[in-house]
Amino acid sequence: MAKKKFVVGCFDDENVLFPAVKKVRTAGYKIHDVYTPYPVHGLDKALGLRETSLHTAGFIYGITGTTTAISAISWIFTKDWPLNIGGKPHFALPAWVPIMFELTVLFAAVGMVLTFCYLCQLAPFVKKHHFHARATDDLFVMAIECTDKTNVDDLQAFLSNAGAVETNVQVAETGWWLGRYDKDEMPFENKEVATA
Amino acid sequence: MASIKDQFVIPGKMKTWSYSLIGVGLVALLAGLFTKGFSKDEHEQAVFWGTLMYNTIFWTLVCNAAMFFICVTTMAWGGWQQSFRRVPEAISTLVPIFGSITFVVLIYVVFIGHNHHIYHWIDDAAVEADPILKGKKGFLNTKFFLVWTTLAITLWSVLGWRMRKLSSEADQAAMDHETGASFIKRNTVVAAMFLVWFGLTVGSTIPWLWMMSIDAHWYSTMYSWYTFASSFVSGMSLIALWVIYLKNKGYLEYTNQEHLHDIGKFMFAFSVFWTYLWFSQYMLIWYANIPEETVYFKHRVQGPYKGIFFLNLIINFLAPLLILMKRAAKRNYTLVTFMAIVILFGHWIDFYQMIMGSVSKEHVTLGWLDFGILSLFVGLMILFTGKALASKPLVPKHHPFLKESILHHT
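Same order as they appear, the protein sequences are chains A and B.
Residue numbering for the first sequence is 1 to 196, as defined by my numbering.
Residue numbering for the second sequence is 1 to 410, as defined by my numbering.
One should not assume that every hint holds.
[Stated by the list, open to error] Pair by pair, the computed Cβ-Cβ distance ranges are: (1) B:PRO304 x A:SER74: 26 to 36 Å; (2) B:GLN172 x A:ALA133: 18 to 28 Å; (3) A:ILE60 x B:VAL272: 18 to 28 Å; (4) B:GLY180 x A:ASP138: 30 to 40 Å; (5) A:LEU83 x B:LYS265: 54 to 64 Å; (6) A:ILE60 x B:LYS265: 14 to 24 Å; (7) A:ILE60 x B:THR334: 52 to 62 Å; (8) A:THR68 x B:HIS409: 33 to 43 Å; (9) B:LYS306 x A:THR68: 21 to 31 Å; (10) B:LYS15 x A:LYS88: 53 to 63 Å; (11) B:LYS306 x A:LEU83: 26 to 36 Å; (12) A:THR26 x B:SER20: 35 to 45 Å; (13) B:MET193 x A:LYS30: 55 to 65 Å.
Hints listed in this document are in silico derivations from the structure and should not be mistaken for laboratory results.
Ideal Cβ placement from N, Cα and C applies to all residues, glycine included.
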């Protein structure tokens, strides 16, 4: 994974963050991400993120579950091991519906959780760079990706003007690596901040 | 505030449509009365009155479901429905009207026509000779039927009227904090009373009395909830249709896709809930396979009603499930309109098979009379809902929760 240079602006108010996001985007800067202590309604729209495909994946997992259930049970009860249960026909669809339903829910739920973890790169021992430890507490942290042409000082001044209470420059790994938050470096310890 | 179109004016076209639908309906009603109602054949009479019964019961319960929606959201201190709450309120003004029609039809069937082909249990001699019916006599008797039917329709109408009257207070003057709080509290109290009565009637006894007792020997504990789910999902569809109609005419400025999305969610969720009850009722009886229980499904699943019975499942379950599942679909006015019509038609067919499947076991009677009577009720529904909408401002301007509805975001 590649290291990139970021200019980070920290905001302490949601009502300042939204106009700031808008200003930064109209100015043509590329926002890497905004880290917030809690889900902020409408921020995804303000950032121009596309609608998630997680629900489409969920639907596909769901019908996979239904299909698995119906094909497995119908094969077992009609071909592999037909049993006479209370004189019911071997192909006893109503009796299978609860199982079809359960497998639909199971596949959809487990599949969506795993897909979500994959998309967000969440797993044990997977580590990612934290731009600011207080992003989990009370700060809204906006990371802007720099290009060769970005004037870092201008951008920092621009962010301060837009209402950022703190700005800094960080060179950070964009992807994930294996590590442990409790063993390696403490996110709350003051990190070496590269100033370019 | 002044610029928004707040007062509904009934367009001439709507009047023409409602009067012509009522006209068609009246012609069908008269033709039905002479060909079937006055027929010498008691089965033909039963078909005529049964057709009237399922139409009037369906529309009464659907309109009552609109008031149920108002009361449930009031109880939950919901805010999002305030911007279009006058629509379900207007629909619920039909409860006394359709309720009276239901009352007349049921009273005719039980007391005047004495139609034992519909209600077997009104035949005293048959009840005496039948240990099962004798055991149900405490509940299934004409006196209780009369008292409970009267009470049910009256209290739905009265409590609904009180809810609507309270709602009018929000048109008058701005409320300060104190007035607003007591306004919400009074709303909650009336809504709670309505809901308790709704649970005792639509949620349990009324479908037993009016519909399930047609199969006097048979019973299902799912039946009332099944009927309720059917009427509620149709009620939500009807609300959606009126909201979209008013939006198209340029009214209901505060109501937008966000509100439509939530109405769509109700249509989707309660279609699935209906199916859940449909299936629970069906599977248990299918599994146990006890003759006293399977008697209800025999002519529906294996007899002449087979087609309608399974068509019912497709249009009331598969269609809403697959079409309304996507977020974009619930926010699309055209698709929601289409699905609302499909759902209303589907549940009308559901009520058809629930009642006519028992009244006329051997023959599917669906024909000109059914659609004629349906047209009568649709005409009346359009006429009176339109009048009720025009009688009040469309937005309760000073309702304490209105702002929540304007800002609503799904």
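Hints versus structure:
Checking the proposed 26 to 36 Å range against PRO304 (chain B) and SER74 (chain A) shows it holds: the Cβ atoms sit about 29 Å from each other. A C-beta distance of roughly 54 Å is found between GLN172 (chain B) and ALA133 (chain A), which places it outside the suggested range of 18 to 28 Å. Against the hinted window of 18 to 28 Å, the Cβ-Cβ separation of ILE60 (chain A) and VAL272 (chain B) comes to about 19 Å, which satisfies the hint. The hinted range of 30 to 40 Å is satisfied by GLY180 (chain B) and ASP138 (chain A), whose Cβ atoms lie roughly 33 Å apart.
At roughly 42 Å, the beta-carbon separation of LEU83 (chain A) and LYS265 (chain B) lies outside the given 54 to 64 Å, and the hint is violated. At roughly 22 Å, the beta carbons of ILE60 (chain A) and LYS265 (chain B) sit within the given window of 14 to 24 Å. Taken as a hint, the range 52 to 62 Å is violated for the pair ILE60 (chain A) and THR334 (chain B), whose Cβ atoms sit roughly 26 Å apart. Checked against the given bound of 33 to 43 Å, the beta carbons of THR68 (chain A) and HIS409 (chain B), roughly 37 Å apart, stay inside it.
The given range of 21 to 31 Å is respected by LYS306 (chain B) and THR68 (chain A), whose C-beta atoms sit roughly 30 Å from each other. Taking 53 to 63 Å as the suggested C-beta distance range, the pair LYS15 (chain B) and LYS88 (chain A) conforms, at roughly 57 Å. Separation of LYS306 (chain B) from LEU83 (chain A) is about 28 Å and conforms to the stated range, judged on CB atoms against 26 to 36 Å. Between THR26 (chain A) and SER20 (chain B) the Cβ separation comes to about 56 Å, which falls outside the hinted range of 35 to 45 Å.
The beta-carbon spacing between MET193 (chain B) and LYS30 (chain A), approximately 59 Å, falls within the hinted interval of 55 to 65 Å.
Violated hints for the displayed structure, listed by number in ascending order: 2, 5, 7 and 12.
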